[in-house]
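Engineer: For the protein sequence lines, the chains are A and B, in the order given. So for the first sequence, my numbering puts the first residue at 10; every next one is plus one. So for the second sequence, my numbering puts the first residue at 10; every next one is plus one.
Errors might be hidden in some of the hints.
Copies of the same chain look alike in the list, so a pair counts if it works inside one copy or between any two.
Simulated crosslink set (EDC-like; lysine to aspartate or glutamate; CA at most 20 Å straight-line) [what the hints assert, rightly or not]: (1) 59 with 309; (2) 164 with 98; (3) 257 with 119; (4) 312 with 178; (5) 63 with 30.
Simulated from the structure, these hints should not be mistaken for laboratory data. All values reported here derive from a predicted model rather than from experimental measurement.
Number of protein chains: 2
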Amino acid sequence: MTRQTFDLLILGSSSASPTSERNPSAQLLNIAERFFLIDCAEGTQVQLRKYKAKFQAIDHIFISHLHGDHFFGLPGLLSSMHLLGRKQDITIYCPKELQGIIELINKVSETTFNYVVHWKFTDNTGLNLLFEDSKVEVYSFPLKHRIYCTGFLFKEKPLPRKIDKFKLDQLEVSTSEIIKLRKGMDVINDNGVLIKNEEVTLDPAKARSYAYCSDTIYNPAICDFIKEVDLLYHESTFLEEHAARAKKTYHTTAKQAAEIAKNANVKKLLMGHFSVRYGHLESFVNEASVIFNNCELAIDGKKIEI
Amino acid sequence: MTRQTFDLLILGSSSASPTSERNPSAQLLNIAERFFLIDCAEGTQVQLRKYKAKFQAIDHIFISHLHGDHFFGLPGLLSSMHLLGRKQDITIYCPKELQGIIELINKVSETTFNYVVHWKFTDNTGLNLLFEDSKVEVYSFPLKHRIYCTGFLFKEKPLPRKIDKFKLDQLEVSTSEIIKLRKGMDVINDNGVLIKNEEVTLDPAKARSYAYCSDTIYNPAICDFIKEVDLLYHESTFLEEHAARAKKTYHTTAKQAAEIAKNANVKKLLMGHFSVRYGHLESFVNEASVIFNNCELAIDGKKIEI
Numbered sequence: 010m011t012r013q014t015f016d017l018l019i020l021g022s023s024s025a026s027p028t029s030e031r032n033p034s035a036q037l038l039n040i041a042e043r044f045f046l047i048d049c050a051e052g053t054q055v056q057l058r059k060y061k062a063k064f065q066a067i068d069h070i071f072i073s074h075l076h077g078d079h080f081f082g083l084p085g086l087l088s089s090m091h092l093l094g095r096k097q098d099i100t101i102y103c104p105k106e107l108q109g110i111i112e113l114i115n116k117v118s119e120t121t122f123n124y125v126v127h128w129k130f131t132d133n134t135g136l137n138l139l140f141e142d143s144k145v146e147v148y149s150f151p152l153k154h155r156i157y158c159t160g161f162l163f164k165e166k167p168l169p170r171k172i173d174k175f176k177l178d179q180l181e182v183s184t185s186e187i188i189k190l191r192k193g194m195d196v197i198n199d200n201g202v203l204i205k206n207e208e209v210t211l212d213p214a215k216a217r218s219y220a221y222c223s224d225t226i227y228n229p230a231i232c233d234f235i236k237e238v239d240l241l242y243h244e245s246t247f248l249e250e251h252a253a254r255a256k257k258t259y260h261t262t263a264k265q266a267a268e269i270a271k272n273a274n275v276k277k278l279l280m281g282h283f284s285v286r287y288g289h290l291e292s293f294v295n296e297a298s299v300i301f302n303n304c305e306l307a308i309d310g311k312k313i314e315i
Numbered sequence: 010m011t012r013q014t015f016d017l018l019i020l021g022s023s024s025a026s027p028t029s030e031r032n033p034s035a036q037l038l039n040i041a042e043r044f045f046l047i048d049c050a051e052g053t054q055v056q057l058r059k060y061k062a063k064f065q066a067i068d069h070i071f072i073s074h075l076h077g078d079h080f081f082g083l084p085g086l087l088s089s090m091h092l093l094g095r096k097q098d099i100t101i102y103c104p105k106e107l108q109g110i111i112e113l114i115n116k117v118s119e120t121t122f123n124y125v126v127h128w129k130f131t132d133n134t135g136l137n138l139l140f141e142d143s144k145v146e147v148y149s150f151p152l153k154h155r156i157y158c159t160g161f162l163f164k165e166k167p168l169p170r171k172i173d174k175f176k177l178d179q180l181e182v183s184t185s186e187i188i189k190l191r192k193g194m195d196v197i198n199d200n201g202v203l204i205k206n207e208e209v210t211l212d213p214a215k216a217r218s219y220a221y222c223s224d225t226i227y228n229p230a231i232c233d234f235i236k237e238v239d240l241l242y243h244e245s246t247f248l249e250e251h252a253a254r255a256k257k258t259y260h261t262t263a264k265q266a267a268e269i270a271k272n273a274n275v276k277k278l279l280m281g282h283f284s285v286r287y288g289h290l291e292s293f294v295n296e297a298s299v300i301f302n303n304c305e306l307a308i309d310g311k312k313i314e315i
């Protein structure tokens, strides 16, 4: 059996303003065919089209904070979803003021969407469960930026135990019993034979996790929330040579992002939200690698399997 | 002497939603190095960069109405102007509700631009002077759409008379006297000779004009406002086969746009705001040409000299 999908498509990696190569922040996360849009800069709907993502499949949108480079694409995306026939509900997880903006825009344009928008407001007092279903949990947690801002943590639910097919083939077990075995239960088959779970199952693959941290000043306190994630996206707006500017504007350098990755003991660091002042980005990897080896750049259009 | 610049750069020609080839409505008009941005769909700042237009040179922005495909790029453009160091005032001519949207966005993002935005609200009761300086006049006029909407009329001021250089070379005339001659006055030179204006000047070129009509239902009443313009941009969202849909949604077909061009006796018709349902656009020209011969398509990136 192949593992369920868990991949991340980068739709934007610039900070503040778009450049000719980089759109500002947006990402599409696919966990087991649940499509989560994370931030939605101006141009996100075009990026979704460009990279062949089906935007009507998105049922959950997460907005970290209300600087324009993280949400100016939302009115247009919601409008296109409406115009192209969406009927299905959508849920937006965001700072509470966003609802007023979208509702004001709809009011002046005399628009009523043909689908329902559910608003769920983040809070930045701690780890806060926003969404869960049978396969996924999503939490927000506080980030320190110039304005109210949260990160997001996406976790697979614990996966079912693996069936040891070789052993099971020698026993008579029904489909419903297999489901129980995958949940970790013992079963008794039709012949009255007790089958102990540990004899026919193997530990499942470890549930995977992804954390999104943009925008934030260097803040080791977040390590509690993102400990040991498989992939950490952490903003790296600046290089260390601009550390003073990073601090002043509540952003992070590549070196600082690597410190966070190291302290949180994550598997891999993904850097993005690059200042438009940098044309080439190799220095970000060079700088971070000294502290934390397994790091890479968010590049528009790149898909990362987690 | 070459004539002053009067050209139009198409930044978007789609209606409603962007497609892979067409962004929604935005145009940049340059009259004598005054840069007028007309409508500002999502992605306009990227289009300006793509087509090498200097967006900090824009001091006047005209928004026809508050459907998203005509203004969702404005928050991002204003934000980028701020972030990239703009200090110069900008004036936005628009429906009055737009100010509240921009101010709400700035409030929640705790942003104060480093430049002043002047708001001038259009009114749709008739031809309404919005702006004038020594070279240009701009008016709004009413369009009939689902929501409040205006068109815009841009006119060169009457141009100065042309000097007949051959005749003038035989007379002694100072620079300040030439300025008076170009204004149509007679002058007396340093030798006391009266120089009659009609003897040394020629009629100036006719002042040019451009009218922008998007979005609107077919409405011959607008011909009064756009009579004999050199270039008429008229929305042509649909082909005649979808005339019923055009009427229902307060839009226009290519044939109807051509009727307007013919009745208003304009020099040239430019069609745009194409519905996303049409992949190829030749039919728009074919349909309009039967009624009005001199017509062409708005295509993203096309520059039209007027």
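Engineer: For residue 63 and residue 30, with the copy left unspecified, which applies at a CA distance of at most 20 Å: within, between, both, or neither?
Structural biologist: between (22 Å within a copy, 18 Å between copies)
Engineer: With identical chains treated as interchangeable, where does the CA-CA distance between residue 59 and residue 309 reach 20 Å or less: within a copy, between copies, both, or neither?
Structural biologist: Both ways: residue 59 and residue 309 sit 10 Å apart in one copy and 17 Å across, limit 20 Å.
Engineer: Between copies, within a copy, both or neither: which fits residue 312 and residue 178 at Cα up to 20 Å?
Structural biologist: neither (38 Å within a copy, 72 Å between copies)
Engineer: Checking residue 164 and residue 98: alpha-carbon separation at most 20 Å within a copy, between copies, both or neither?
Structural biologist: neither (23 Å within a copy, 48 Å between copies)
Engineer: Regarding residue 257 and residue 119, is the shortest C-alpha distance of 20 Å or less found within a copy, between copies, in both, or in neither?
Structural biologist: Between copies, since 16 Å is at most 20 Å while 41 Å is not.
Violated hints, in rising order: 2 and 4; the structure is consistent with all others.
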